[in-house]
Amino acid sequence: MRVWVVDDDRSVRFVLTAALRDADFAVQAFDGARAALAALDAEPLPQLVFTDVRMPDVDGLQFLEALKTRAPELPVIVMSAWTDVSSTAKAFRGGAHEFLSKPFDLDHAVQLAWQALGLSDVEGDTGAVDVTAQVDTNSRDEDDRLIGESPAMHDLFRAIGRLAQVPLSVLISGETGTGKELVARALHRESPRRLNPFIALNTAAIPAELLESELFGHEAGSFTGATRRRIGRFEQADGGSLFLDEIGDMPAALQTRLLRVLAEGEFFRVGGRELIRVDVRVIAASHQPLEILVAEGRFRADLLHRLDVVRLRVPPLRERSSDIPALAVHFLDRAGARLDATPKRLTLDALRVLETQPWPGNVRELENICWRLAALAPSTIIHAAEVREATRSTQAVASRDVADDAWERALAEATRAALARGESDLHARAKSRFDTVMLDSALAHTKGHRQRAAEVLGVGRNTLTRKLGSKRKPRSS
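Under this note's numbering, the residues of the sequence shown are numbered 1189 to 1665, in order.
Keep in mind that the hints are not guaranteed to be accurate.
Unchecked claim - Computed spacing ranges between beta-carbons, pair by pair:
| id | residue 1 | residue 2 | range |
| --- | --- | --- | --- |
| 1 | Glu1231 | Phe1202 | 34 to 42 Å |
| 2 | Val1647 | Leu1398 | 32 to 40 Å |
| 3 | Gly1306 | Val1498 | 21 to 29 Å |
| 4 | Asp1295 | Glu1462 | 58 to 66 Å |
| 5 | Ser1357 | Leu1383 | 44 to 52 Å |
| 6 | Ser1357 | Ala1616 | 38 to 46 Å |
| 7 | Leu1599 | Ala1259 | 48 to 56 Å |
| 8 | Leu1398 | Arg1465 | 22 to 30 Å |
| 9 | Thr1651 | Leu1599 | 31 to 39 Å |
| 10 | Lys1619 | Glu1577 | 40 to 48 Å |
| 11 | Val1497 | Arg1609 | 17 to 25 Å |
Stated by the list, open to error - Lysine-lysine pairs mimicking BS3-like chemistry, simulated, CA-CA at most 30 Å apart:
| id | residue 1 | residue 2 |
| --- | --- | --- |
| 12 | Lys1290 | Lys1278 |
| 13 | Lys1290 | Lys1256 |
| 14 | Lys1635 | Lys1619 |
| 15 | Lys1256 | Lys1278 |
It is worth saying that the hints were derived from the structure and are not from the lab. Note that the structure is a prediction, hence the values are computed from the model and not measured. We treat Cβ as the ideally placed atom computed from N, Cα and C, and that holds for glycine.
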């Protein structure tokens, strides 16, 4: 198998070439794209190419374009130390087979080579290691930037770059405050729809009785107060992307209408008779485990399948604490610009305090803390004591919310596992177990005192007694 390695970094060329040759590939190395392009006419075409992005004279993306013009089916693995949304999207838009973040594991690179040539069925780990802080620098708005240098964010950047090119529905999952809308905007910005509208709507923020009109529009006179025709969000997003945040809160009747739009691309305005056809890519998001809502009958299973063609998970901040310094600098810089003041900086001890916080509110909470520090810290250098003071008011809520998240994640995992096994009647069994655990824990806390247990649980004594009785009835033989 003939493989070319194109990189102006001699050390990368050497180690990657050696690893591929040890795996029985016939490898030819080039110190730049210009030399490789010259060899296209003199040498047999390779069966796989590894190329760096940032090289003098001709960069890797220009080289990728030239290769694809000559051999459209040739798999090309693009390598770069800059793993941001813009770089990955440009690579996949140009036809790259895969994006490999530097520095990389050589075994992983060899595995990618086997996979690209169709000689391995193993799904490799596409994890990356830490590099210089990466920022989605192609954003038109400072507020739209995705920032991250952690392996989890590198994985997310690569996924966005790949998915932006394909017209599939995407479901973004993640806790509140992780930046799900930023991911949706990046998917749109790097897609072929980028010149058309991006429309965002938080379905939880719109009263249920108004949400149908908000989505689909209405005709004049269709209801009290409808004095003129209104164009809904689907029509506004025609040709572009519609981001539906907190989709799990959508009323059941509207779920049915949304399903029809996703399936047929058409709908009627409220009170209308004209069939409206649109071409919209729907990107949905939820912080709730939708599988549990399906099991409870609160969300349509067929709608979930339509929305969940591809799922992107945005990691919580506690799983990417190495990104906190870059995020904090970004937020402090923005605060300084907005306040027309010199941007403030954190000491190393202050950064360590931030890195040890649980961050139940995720990136949004960190941003709020940075704004608070920018406004209230007396000097341009922010010390650890000031950070502790700024975060103290959220610590009690943080510990409670982290505990809540823990049992909710465990419940979500158990529900998904039960659904995968084909089990049914999950809600009744889970509710029974929930009552048992809560009652037993409260009685243990109050040392068996039922009245106090009822008080701490917030239920009546009769309710507690009835539930205890139902739990302790002997089984009939």
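Okay, the hints, checked on the actual structure:
Between Glu1231 and Phe1202, the C-beta spacing of about 20 Å breaks the proposed range 34 to 42 Å. For Val1647 paired with Leu1398, a C-beta distance near 35 Å keeps the hint of 32 to 40 Å intact. Our hint of 21 to 29 Å for Gly1306 and Val1498 holds, since their Cβ atoms are close to 22 Å apart. Distance hint check: the CB atoms of Asp1295 and Glu1462 are about 59 Å apart, consistent with the given range 58 to 66 Å.
Separated by about 20 Å at the C-beta atoms, Ser1357 and Leu1383 break the suggested range of 44 to 52 Å. Between Ser1357 and Ala1616 the CB atoms are about 32 Å apart, so this pair departs from the stated range of 38 to 46 Å. Taken as a hint, the range 48 to 56 Å holds for the pair Leu1599 and Ala1259, whose Cβ atoms sit roughly 51 Å apart. Between Leu1398 and Arg1465 the beta carbons are some 24 Å apart, a value that agrees with the proposed interval 22 to 30 Å.
For the pair Thr1651 and Leu1599, the beta carbons lie near 23 Å from each other, so the given range of 31 to 39 Å is not met. Roughly 43 Å separates the CB atoms of Lys1619 and Glu1577, a value that falls within the hinted 40 to 48 Å. The supplied range of 17 to 25 Å is met by Val1497 and Arg1609, whose beta-carbon atoms lie about 24 Å from each other. Between Lys1290 and Lys1278, the direct Cα distance comes to roughly 17 Å. Compliance with the 30 Å bound is thereby established for this hinted pair.
For the given pair, Lys1290 sits about 23 Å from Lys1256 by alpha-carbon distance, which is consistent with the 30 Å threshold. Proposed proximity of Lys1635 and Lys1619 is supported: the alpha carbons are some 24 Å apart, at most 30 Å. With a C-alpha separation of about 14 Å, the suggested pairing of Lys1256 with Lys1278 holds against the 30 Å cut-off.
Of the numbered hints listed earlier, those contradicted by the structure are 1, 5, 6, 9.
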